[in-house]
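*Asks:* Add chain B to chain A, keeping to what the hints say.
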Amino acid sequence: MIRRKISAGNLILGAVLLAAALAMALEVNKPAPDFTLTDHQGKTHSLSQYKGKYVVLEWINFDCPFVRKHYGSGNMQALQKEYTKKGVVWLSVCSSAPGKQGHFDAKEITKRLAEAGGAQTAYLIDAEGKVGRLYGAKTTPHMFIIDPEGKLIYNGAIDSIRSTDKDDIKKAENYVRTVLDAVLNGKEVKPFTTVPYGCSVKY
Amino acid sequence: MMSRKRHSFLLVFIFLITMASQALAQVNFGGEPHTKLKLIPEVTSVQPGGSFWVAARLSMEEGWHIYWRNPGDTGLETEIVWDLPEGFKAGELQWPYPEKIIEDPLVVYGFHDVIYLLTRIDVDKSVKPGKTVEIKAKANFLECAEVCIPGEGADAVTLPVKAEPPRPDTRWVEVFAEARSKLPLKATDWQISASRKANELLIRLNPPQWFTFPFKEVTFFPYKMGFIDNIAPQKIVKENGSYLLKIKLADNAEVPSEIEGILVNEDGWRGPGSEKSLEIKAVLGEALAPAAGGGGKLSSVWLAILFSFLGGIILNLMPCVLPVLSIKIMGIINQAHDEHTEPWKHGAVFTLGVLVSFLVLAGILLILKAGGAQLGWGFQLQEPLFLTFLAAFMFVFGLSMFGVFEIGTSLTTVEGKVQPKRSGFAASFVSGILATIVATPCTAPFMGSALGFALAQPAWVSLIVFTFLGLGMAFPFMLISSIPALLRYIPKPGRWMESLKQFMGFLLVATVIWLLWVLGIQAGATAVIIVLFDLLITALGAWVYGRWGNLAMPPKTRRTAMVIALILVLGSNGYVFANLDQYAVTPQAEAASSEGIPWQEFSQEKVDELVAAGKPVFIDFTAAWCLSCQVNDRVAFSDETVQKTFRNKKITAFKADWTSRDEHIAQALAKFGRNSVPLYVLYPGGNKNEPMLLPEIITPGIVLDALELVK
Numbered sequence: 003m004i005r006r007k008i009s010a011g012n013l014i015l016g017a018v019l020l021a022a023a024l025a026m027a028l029e030v031n032k033p034a035p036d037f038t039l040t041d042h043q044g045k046t047h048s049l050s051q052y053k054g055k056y057v058v059l060e061w062i063n064f065d066c067p068f069v070r071k072h073y074g075s076g077n078m079q080a081l082q083k084e085y086t087k088k089g090v091v092w093l094s095v096c097s098s099a100p101g102k103q104g105h106f107d108a109k110e111i112t113k114r115l116a117e118a119g120g121a122q123t124a125y126l127i128d129a130e131g132k133v134g135r136l137y138g139a140k141t142t143p144h145m146f147i148i149d150p151e152g153k154l155i156y157n158g159a160i161d162s163i164r165s166t167d168k169d170d171i172k173k174a175e176n177y178v179r180t181v182l183d184a185v186l187n188g189k190e191v192k193p194f195t196t197v198p199y200g201c202s203v204k205y
Numbered sequence: 234m235m236s237r238k239r240h241s242f243l244l245v246f247i248f249l250i251t252m253a254s255q256a257l258a259q260v261n262f263g264g265e266p267h268t269k270l271k272l273i274p275e276v277t278s279v280q281p282g283g284s285f286w287v288a289a290r291l292s293m294e295e296g297w298h299i300y301w302r303n304p305g306d307t308g309l310e311t312e313i314v315w316d317l318p319e320g321f322k323a324g325e326l327q328w329p330y331p332e333k334i335i336e337d338p339l340v341v342y343g344f345h346d347v348i349y350l351l352t353r354i355d356v357d358k359s360v361k362p363g364k365t366v367e368i369k370a371k372a373n374f375l376e377c378a379e380v381c382i383p384g385e386g387a388d389a390v391t392l393p394v395k396a397e398p399p400r401p402d403t404r405w406v407e408v409f410a411e412a413r414s415k416l417p418l419k420a421t422d423w424q425i426s427a428s429r430k431a432n433e434l435l436i437r438l439n440p441p442q443w444f445t446f447p448f449k450e451v452t453f454f455p456y457k458m459g460f461i462d463n464i465a466p467q468k469i470v471k472e473n474g475s476y477l478l479k480i481k482l483a484d485n486a487e488v489p490s491e492i493e494g495i496l497v498n499e500d501g502w503r504g505p506g507s508e509k510s511l512e513i514k515a516v517l518g519e520a521l522a523p524a525a526g527g528g529g530k531l532s533s534v535w536l537a538i539l540f541s542f543l544g545g546i547i548l549n550l551m552p553c554v555l556p557v558l559s560i561k562i563m564g565i566i567n568q569a570h571d572e573h574t575e576p577w578k579h580g581a582v583f584t585l586g587v588l589v590s591f592l593v594l595a596g597i598l599l600i601l602k603a604g605g606a607q608l609g610w611g612f613q614l615q616e617p618l619f620l621t622f623l624a625a626f627m628f629v630f631g632l633s634m635f636g637v638f639e640i641g642t643s644l645t646t647v648e649g650k651v652q653p654k655r656s657g658f659a660a661s662f663v664s665g666i667l668a669t670i671v672a673t674p675c676t677a678p679f680m681g682s683a684l685g686f687a688l689a690q691p692a693w694v695s696l697i698v699f700t701f702l703g704l705g706m707a708f709p710f711m712l713i714s715s716i717p718a719l720l721r722y723i724p725k726p727g728r729w730m731e732s733l734k735q736f737m738g739f740l741l742v743a744t745v746i747w748l749l750w751v752l753g754i755q756a757g758a759t760a761v762i763i764v765l766f767d768l769l770i771t772a773l774g775a776w777v778y779g780r781w782g783n784l785a786m787p788p789k790t791r792r793t794a795m796v797i798a799l800i801l802v803l804g805s806n807g808y809v810f811a812n813l814d815q816y817a818v819t820p821q822a823e824a825a826s827s828e829g830i831p832w833q834e835f836s837q838e839k840v841d842e843l844v845a846a847g848k849p850v851f852i853d854f855t856a857a858w859c860l861s862c863q864v865n866d867r868v869a870f871s872d873e874t875v876q877k878t879f880r881n882k883k884i885t886a887f888k889a890d891w892t893s894r895d896e897h898i899a900q901a902l903a904k905f906g907r908n909s910v911p912l913y914v915l916y917p918g919g920n921k922n923e924p925m926l927l928p929e930i931i932t933p934g935i936v937l938d939a940l941e942l943v944k
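Protein chains in written order, with our numbering: chain A, 3 to 205; chain B, 234 to 944.
The shape of chain A in the complex, shown without the other chains (with noise of 0.2 Å):
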């Protein structure tokens, strides 16, 4: 009886918890929190072991129609290209619950990645939503920036048109590209947030 009673205080406790981790979106210019995800190739990959270089953590659902805009274009494995060659890590993290929309095997994941020409260092599996709910990621996609030394420097979206359509890819700011280019060449960038747009995080 108390053993339940305890377990059930715990539950209450970790909803309470959880809640305000949800509560709390992540403030950038602050540190931002170590995890470890296996990716789609069964290698474990954690943001500590990347420090000292930036870190762009990309939430992804294939099947969403604005993940699909950015890869049906071409534009976010453009910037993926780009920028990892340039000596940044760039982690893809799908926080879809099994059986939701855009949770998928490691065979599908493949021939997925494959079919986009998907250029990230890393598709990480998150499917319990534990990292996605640790980030507050909102929306598919929803960019978070981490700079070499751990600290957040942006949070939010990837480009300042809200709309499924590509067209609307060019007349965007892209504001990964805007943080990436700033920090790259040297120059100072004060951390910033946006609000993200997208399909809901499919926890």
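If you are wondering where the hints come from, they were derived from the structure by calculation, not from laboratory data. Hints are not guaranteed to be accurate.
What the hints assert, rightly or not - In silico DSS-like cross-links for lysine-lysine, where the CA-CA straight-line distance does not exceed 30 Å:
no., chain 1, residue 1, chain 2, residue 2
1, B, 419, B, 471
2, B, 333, A, 102
3, B, 457, A, 172
4, B, 371, B, 415
5, B, 322, B, 269
6, A, 168, B, 271
7, A, 173, B, 371
8, B, 479, A, 32
9, A, 83, A, 55
10, B, 358, B, 921
11, B, 481, A, 153
12, A, 173, B, 322
13, A, 192, A, 153
14, A, 83, A, 153
15, A, 55, A, 153
16, B, 430, A, 32
17, A, 192, B, 457
18, A, 32, B, 481
19, A, 173, B, 369
20, B, 468, B, 419
21, A, 153, B, 430
22, A, 168, B, 333
23, B, 322, A, 168
24, B, 481, A, 192
25, B, 395, B, 904
26, A, 32, B, 457
27, B, 921, B, 882
28, B, 333, A, 132
*Replies:* Same frame as chain A, but now just chain B:
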């Protein structure tokens, strides 16, 4: 031959392309959209130089939703793109208020089932009558169930251009009325101010004076995306006469300097059943506007306490309270000669009885009011049956004062018997309750408006006011019973007490007359006569009881007397209670001439005649299915000052009821360039006598301002 071959080749080509594009659509968007667009014009023709409304109806399959102008945490704003002929210009899209759709941990703002997005289209003067025009639109939306799909829909309607004013398309009047009722109110008497405190956005809502309706929950939907925490519950705090809405801001929020959006109040901004959403625009200020009401101000609370205490003392002089009290005082006088420690205790218990019953009454009132009932102090007097009961009660009480019979001889102390302590206190407590109950009807005319004000204040202020009213009423009694020195000034019991008692009986009969006068206004002369007969038979019963039912008679006679008295009293009162309705006249005919606005049925000829004669005329175009019309009626035309102004200025008021669609009313509406209700038209009178249109949402203030024009 050649050409036919080429022709079929072309057909195959087109077929292939269609197939391919369909397949592509399948890949991209997962088939047909789950949301369909249909354009619905409000009118059957358009007029150059005029304007008309078109509804874009978006109907969604079950489980799917599309988004509001601010989609919330994810999603996309729904768009209507117009493709209009030369000379036609579309205005801003009118958004109905959205629902909050929770997709934990995200919240989005959107719509399910079906929505009507209204747009006004202006027609240039240069457009030539006689031809037909095509109104086309495309809807772009993101539709979501578990997954989201971008979709689009297109529709077109054709309308003839005619020189005459457009007529409403009768198939759609109710659809438009309902769609309009879901649009936010643009103007209001509510005072709205906003400020920021740490990570909270504060919106203060000061209600207008006439707003006395329940108000529980409010939700703010901002027009700008991303600056409030959409999922955090918004809290409403009642403070004095106004309300404070607390909204958690998003982390790292960029709060705009002007807060724009809508406030949704499920209880209605103009009372129950009225418009639920209100558009607001408030500059983010350093401080909020002061809270309304003034009820919370300390000085006015002190003043209320003082006046309620004084009022309570004065209550003792009311003809209905004085007799009850005087009996009690006589009891005290008698006791005072037996024991010197008792009187003040009796005073305290009496005070307690008064206080408890005052607070219970106030509590019941506050609870009923919170439940939405429109009640004021003395509300019980609006009920003819209660009036009858009270009149009979007072009359019987008065008869006992005259000495026709003695009330509960064994219980009162009038005869100077020494009571066991307990029952003595119980009697004091009960007389406290009795005094309050008979005092209530007396307070109604005397302090009705003051108590009404007290009830409109926050609950704690009302309760304080009632407490002090009770204390004031019990005060003289408490004073006399607790200071033995004062008791000495009161003459020793004797014959004078009997005379005083009989005199008090006349005061009670005076109260009965007043009650019957009130009853007469409510239920008419016949009802009063019936009640008078009832009182006569009740008096007969009381006399039988007093004459043969007293302790001096043998038990058998007493029993028979009691049975006869009971039959007489219960029989006559029971008959009146069961049948009063039949004798009551609903005083509507009377009220129409003295109270309210004497509405006449709309007639264009009569209006023309009066207008030509330079007389002031008011026309109310309304319909039972029009929500705003009903609320306007209730809010603006039931206001006493408005009614009085209508009567004093001798304005002829017409009601054009469009509930069942009437061709004459439709024509009259068209004359004012309208094709929907509500519409309020005022001809102020005089030589020019040109019509003036009032806004669609009216309040007593707006109507009174307009009526100022009438000389």
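*Asks:* Measure nothing beyond the straight line between the CA atoms of residue 371 of chain B and residue 415 of chain B; if it is 30 Å or shorter, mark the hint as holding.
*Replies:* Holds - the C-alpha atoms of residue 415 of chain B and residue 371 of chain B are around 23 Å apart, at most 30 Å.
*Asks:* Run the distance test for residue 921 of chain B versus residue 882 of chain B: straight-line Cα separation, threshold 30 Å.
*Replies:* 17 Å, holds
*Asks:* Checking one constraint from the list: CA of residue 55 of chain A to CA of residue 153 of chain A, max 30 Å. Satisfied?
*Replies:* 11 Å, holds
*Asks:* For residue 481 of chain B and residue 153 of chain A, compute the direct alpha-carbon distance and say whether it is at most 30 Å.
*Replies:* 26 Å, holds
*Asks:* Does the alpha-carbon distance linking residue 322 of chain B and residue 269 of chain B stay inside the 30 Å limit?
*Replies:* Holds. Residue 322 of chain B to residue 269 of chain B sits at ~24 Å (cutoff 30 Å).
*Asks:* Is the hinted pair residue 333 of chain B and residue 132 of chain A satisfied, with a Cα-Cα distance of at most 30 Å?
*Replies:* Roughly 26 Å between the alpha carbons, so the hint for residue 333 of chain B and residue 132 of chain A holds.
*Asks:* Would you mind confirming whether the straight-line C-alpha gap from residue 419 of chain B to residue 471 of chain B stays at or under 30 Å?
*Replies:* 24 Å, holds
*Asks:* Between residue 358 of chain B and residue 921 of chain B, does the CA-CA distance stay at or below 30 Å?
*Replies:* Between residue 358 of chain B and residue 921 of chain B the Cα gap is close to 27 Å, so the pair holds against 30 Å.
*Asks:* Taking 30 Å as the top limit, are the C-alpha atoms of residue 173 of chain A and residue 322 of chain B close enough?
*Replies:* With Cα atoms ~27 Å apart, residue 173 of chain A and residue 322 of chain B stay inside 30 Å; holds.
*Asks:* Hey, residue 192 of chain A versus residue 457 of chain B, does the alpha-carbon distance stay inside 30 Å?
*Replies:* 24 Å, holds
*Asks:* Tell me if the straight-line CA distance from residue 168 of chain A to residue 333 of chain B falls inside 30 Å.
*Replies:* The given pair, whose Cα atoms are some 29 Å apart, holds under the 30 Å limit.
*Asks:* When you check the alpha-carbon spacing of residue 173 of chain A and residue 371 of chain B, does it fall within 30 Å?
*Replies:* Holds: residue 173 of chain A and residue 371 of chain B sit about 22 Å apart, inside 30 Å.
Every hint, counting from the list given before, is met by this structure.
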